[in-house]
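Enquirer: Now for the letters of each chain:
Protein chains: 2
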Amino acid sequence: MIRKINCSRNMAEKTPPNKPTESELEILQLLWEHGPSTVRFVNDELSKNKETGYTTTLKLMQIMHEKGFVERDEAGRSHVYKAAIEESATQKQLLDRFLETTFRGSALKLVMQALGNRKTSEQELNEIRNLLDKLKGNAK
Amino acid sequence: MIRKINCSRNMAEKTPPNKPTESELEILQLLWEHGPSTVRFVNDELSKNKETGYTTTLKLMQIMHEKGFVERDEAGRSHVYKAAIEESATQKQLLDRFLETTFRGSALKLVMQALGNRKTSEQELNEIRNLLDKLKGNAK
DNA sequence: AATTTATTACGAAAATTTTCGTAGAAAATA
DNA sequence: TATTTTCTACGAAAATTTTCGTAATAAATT
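Line by line, the protein sequences give chains A and B. Residue numbers for the first sequence follow the numbering used here, beginning at 248 and rising by one. Residue numbers for the second sequence follow the numbering used here, beginning at 248 and rising by one.
Do not take every clue at face value.
To be verified - In silico BS3-like links for lysine-lysine, alpha-carbon gap of 27 Å or less:
#1 Lys297/B x Lys339/A
#2 Lys297/A x Lys339/B
#3 Lys295/B x Lys356/A
#4 Lys381/A x Lys329/B
#5 Lys314/A x Lys266/A
#6 Lys266/B x Lys295/A
#7 Lys339/A x Lys339/B
#8 Lys339/A x Lys266/B
#9 Lys329/B x Lys295/A
#10 Lys329/B x Lys329/A
#11 Lys356/A x Lys356/B
#12 Lys306/B x Lys356/A
#13 Lys329/B x Lys266/B
#14 Lys381/A x Lys381/B
#15 Lys266/A x Lys266/B
#16 Lys297/B x Lys266/A
#17 Lys356/A x Lys329/B
#18 Lys295/B x Lys339/A
#19 Lys381/B x Lys339/B
#20 Lys356/A x Lys329/A
Said to hold, decoys possible - Some residues of chain B that are not near chain A, with every Cβ distance over 10 Å (derived):
#21 Asn265
#22 Pro283
#23 Ile310
#24 Arg319
#25 Glu321
#26 Arg324
#27 Ile332
#28 Leu382
No wet-lab data here; the hints were simulated from the structure. The beta-carbon is built from N, C-alpha and C at its ideal position, and this holds for glycine as well.
Work the whole structure out from these sequences, hints included.
Expert: If you want it as C-alpha cells, here you go:
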C-alpha cells in the first residue's frame, strides 16, 4: 500500500477545523437551545443582540455545514439546520483551551474567579459541594 | 484656522481597552509570570511551544504597546516590556465573555465542567471548599 | 399570469489577526 | 578597524474570520 505523506505544515486537505469560531459558536448556542432551526429563525435571534444581515448568517451556517458542525434537512424550501456536535463535548474542548490560554491550566484559579466575583445561589453552591465530595472520594 | 491635530498617541491610550487576541494573551501570560522581559526572552519562551519568528514576536509586542496592553522601558538597547493591565482583571473580563458565549452565563455549569473532567488535587479541592464556606456565609 | 417576496448558492470584499522580510543602527566580536 | 550579530521600526504579505452583493429560483401574493 502506498501512502501519500504530506509533510507540509499546512495540510489543508482534509483536516477538519475542530474549533468553532466565535460567530459559529453563537449560532451553535441557538441550535442547542432551540433545536433544529431555519436560517431565518437563527438570524432573527441573532438580530436581537446585534444587527446581522440575513446572508451573513446564511453564509456562516453554510460554512458550518461544510465544516461538519451542523447538519441540515434540505427537504423543504428553507433548510432546517441542527447541531452536529454535542454541547457538552464542545464546551469541554473550549474550556480546555480557555483554561490553558487564560489561566495557565489552573482549574482552581478559574473556579475561584468564576465563583468569587459572582452571586451564586445556595442551591448551586450545594451542588458544587456535592461534586467536591464525589471528587474527594475518587482522588484517593 | 483649521488645523489637523495629531493625537495618535493619546488616542492609542484612550481607545477603549479591547480584549487581547489569543497571541497577545500568550505573551501577557509570560509577562505576568516572569515580570518585565525582553522580546528575546519572550520569543524564546514562545518557541518552546511552537515555532515563532523573532520579528513576529517583536511586531506583536509593538502592537500590544500601541494598544496599551504593555509598557516598555526603552533605556537600554533591547527594550524591556511589562504588562500594563492586571492579570486578574483581564482574566475576569475574558471569563465573563467566555461564560456568556460558551456556557450561556451559567457559572455553575462551567465550574462543574471544569472540576468534573479533570484531576484536581486534594489541596485544591479543599481551597474550593473553603471558598464555598465563605460564600455560604455571605449568601445568607 | 404577473409581480413581489423569500430562499439558497456563491464569490468576493472588508476586517482582523498573524507572520515575515528588509533596512538601518547599535553592539559585540574577530 | 572590519565583520558579524542583535536589535528596532516598519510595511506588507498571508491567513483567518466576517460581512455583503448578486444571481437564480421557488413560493406566495395580487
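Enquirer: Take a quick look at Pro283/B and tell me if its Cβ sits farther than 10 Å from every Cβ on chain A, holds or violated.
Expert: holds (18 Å)
Enquirer: Taking only the CA atoms, is the gap from Lys329/B to Lys329/A under or equal to 27 Å?
Expert: Violated: Lys329/B and Lys329/A sit about 46 Å apart, past 27 Å.
Enquirer: Would the hint linking Lys381/A and Lys381/B be met if the CA-CA limit is 27 Å?
Expert: The given pair, whose Cα atoms are some 21 Å apart, holds under the 27 Å limit.
Enquirer: Checking a non-interface call: every C-beta of chain A should be farther than 10 Å from the C-beta of Ile310/B. Is that right?
Expert: holds (18 Å)
Enquirer: Is Lys314/A close enough to Lys266/A, meaning Cα to Cα at most 27 Å?
Expert: Roughly 10 Å between the alpha carbons, so the hint for Lys314/A and Lys266/A holds.
Enquirer: Closest CB-CB distance from Ile332/B to chain A, is it above 10 Å?
Expert: holds (13 Å)
Enquirer: Taking only the CA atoms, is the gap from Lys297/B to Lys266/A under or equal to 27 Å?
Expert: holds (19 Å)
Enquirer: For Lys339/A and Lys266/B, compute the direct alpha-carbon distance and say whether it is at most 27 Å.
Expert: holds (22 Å)
Enquirer: Just to be careful, I want the Cα atoms of Lys306/B and Lys356/A compared with a cutoff of 27 Å; is the pair within it?
Expert: Answer violated: Lys306/B to Lys356/A is near 30 Å, above 27 Å.
Enquirer: Checking one constraint from the list: CA of Lys295/B to CA of Lys356/A, max 27 Å. Satisfied?
Expert: Holds, at roughly 24 Å.
Enquirer: Holds or violated: Lys266/A with Lys266/B, Cα cutoff 27 Å?
Expert: holds (20 Å)
Enquirer: Measure nothing beyond the straight line between the CA atoms of Lys356/A and Lys329/B; if it is 27 Å or shorter, mark the hint as holding.
Expert: Measuring from Cα to Cα gives roughly 22 Å; hence the hint holds.
Hints 4, 9, 10, 12, 20, 28, counting from the list given before, are not met by this structure.
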